[in-house]
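Undergrad: Sequence:
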Amino acid sequence: MQQPESSNSAKSLVPIVAASTVGALFEFYDFYIFGSLATIISTKFFPTGNPTAAFLATLATFAAGMLVRPFGALFFGRLGDLIGRKYTFMVTIVLMGGATFAIGLIPAYQTIGFWAPTIVLTLRLLQGLAIGGEFGGAATFVAEHSPVNKRGFLTSWITFTGGFGVAVAFGVIMATKNSMSISSWESWGWRIPFLLSSVLLVVSVVIRKNMLESPLFAKAKAEGRTSRNPLKDSFGNKENLKVVLLAIFGLTLGIGVVGYSTTFFLQSFLVKFMFVDYDQANRLLIIGLACGAPLYMFFGWLSDRVGKKPILMMGLFLGIVGFRPVFDQIYQTVDLQKKVENKSAMTVDVEQQSLPNNEQLTITTTQHFYTDGTLLAEVKKQKPRIINPDISKVIKIRPPDERKLVFLVFLLVIVVAMAHGASAAFLVEMFPLRIRYTSMSLPYHIGFGIFGGMAPVISAYLIAKANVDHSPDYYLAGLNYAIILMSISLVIGILYLKENNAEQMAPIKNPSKKNRLKRMLGFVWILLGLIFAYLGIVELGIPKIGTGKPDDLIFGIIVVFVLTPIITIGLVTFGKYALQGEYDDKADL
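Take the sequence shown: its position 555, counted from the start at 1, is 555 in this note's numbering, and no numbers get skipped.
Rather than coming from a laboratory, the hints here were simulated on the basis of the structure.
Predicted model, so just to flag it, every value in this text is computed and none were measured.
Hints are supplied without guarantee of correctness; some may be wrong.
To be verified - With a straight-line Cα cutoff of 20 Å, these simulated EDC-like cross-link-like pairs (lysine to aspartate or glutamate) come out: (1) K381 to E341; (2) K396 to D372; (3) K380 to D349; (4) K586 to D469.
Using the sequences provided together with the hints, build the complete structure.
TA: Now the structure itself:
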């Protein structure tokens, strides 16, 4: 149902938008610093006897914070629809910011023992729960304060701030790390990015404290038109549940992996698979993200004029057809096989280090120089009686290649901005005011938190598997996960999603042919759900769990007990509703 336009002036909306966007900044700031600093965190808060196990425990803690987000969406969404948007997302920002800050204060494992990982896990769970209620509250709050014809533009600031949060995290980590010695960074400097979140927390609390409740919600509450049981009305009501499923599979599933694939997976792709210098890779990403940041607001503004659905679907389409060519160009730009080495300039440095057991560690550093200015530093660490040495590589690319990579990152940001810019407003308008907070929060965090958040991990696994299988373009295999999910959302979105603004909806004079196609495709969605069940459990999950390796066990459990049930049950239910004609268009009379 179309809401009346708000009477808020543009000036009065500035603090509302500013306060609401801080949460998105926190979400991505927290996600990146914890994931990026996982190696250091594993040495501080987990037993040091087994570095691999400690690192995997850190990743498991990290994943727990992602997987708990839908529960936060349900808990805080319910509160938001019962008591109000303002008070609920005041609680979420305090929990989220406080937990991020507190991680920087936890004593090391050597000081408090197993209390350290226990506290870290508890804080990560609190962060995940709070983030689960943050986006829905922020998007709803801004949208319900905004004129209907400016919702796309004003809510686009929330999604823009998410990308800005990544850039801020990049910048804070790089600036802190480069301002001190390596030993100081590894000893205590890594805590600074966590502690600096207190600045964002204080600012956001001060701003949110002085805000008024959403005028549309306040009016509905005064008139007794709010829901008494938002969870039941959202998910126990078939009419609303089918819209929730449509929001997941027609939108958030696809745009969730767009965002994470072009930020977090791209960073991993450059550093872990292409061996680009960590600081150089992050600097290039910051520049590319900063150049593309205004596009979020541009596409949000454009969506208020031409409709939100066309822009969202175009973003998915460009991601499907453009991801592989762009990532391939990134790979080709850095690939040393395409460069000519100046072998006469190669240098070799050998160093001996004493180990605690009176053995010697031999460190051999070989520098390879290429005619275009590229530098490869190869470090080999050899321990006595160990056959296979530990080898690490770092590539520093030349300025022309840097500029090319920045341009390629910018192209990816265009896709993200199209897919994200109008998404918040579109989701808000899909659901009635009385259960809006609850209904929109869950689809967002299933798409972004679970399927998007797991994109870097699953993509890394697919690349490793393709490399073992000697696939010639193995480095692009990680994109298959994102492309498949984007394709599902594109097809469902084009056929089943409707433009929410009645003024921008094209009239449908004879929908019978399209309705028949929608119903026939119901069989496809059911079959696809069953195929995902087979692949997730039989082909991937159980074999990974069966290896007995800690990293495979974690990965397998997440696939079998989280990803597979959600996508299987969801697609089968969606397909059943499609077969029953629940998504049929009505003829324009």
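Undergrad: Hint by hint, note whether the structure agrees.
TA: Hint check:
no.: 1; hint: K381 to E341; verdict: violated (23 Å)
no.: 2; hint: K396 to D372; verdict: holds (11 Å)
no.: 3; hint: K380 to D349; verdict: holds (10 Å)
no.: 4; hint: K586 to D469; verdict: violated (50 Å)
In this structure, the hints that do not hold are numbers 1 and 4, in rising order.
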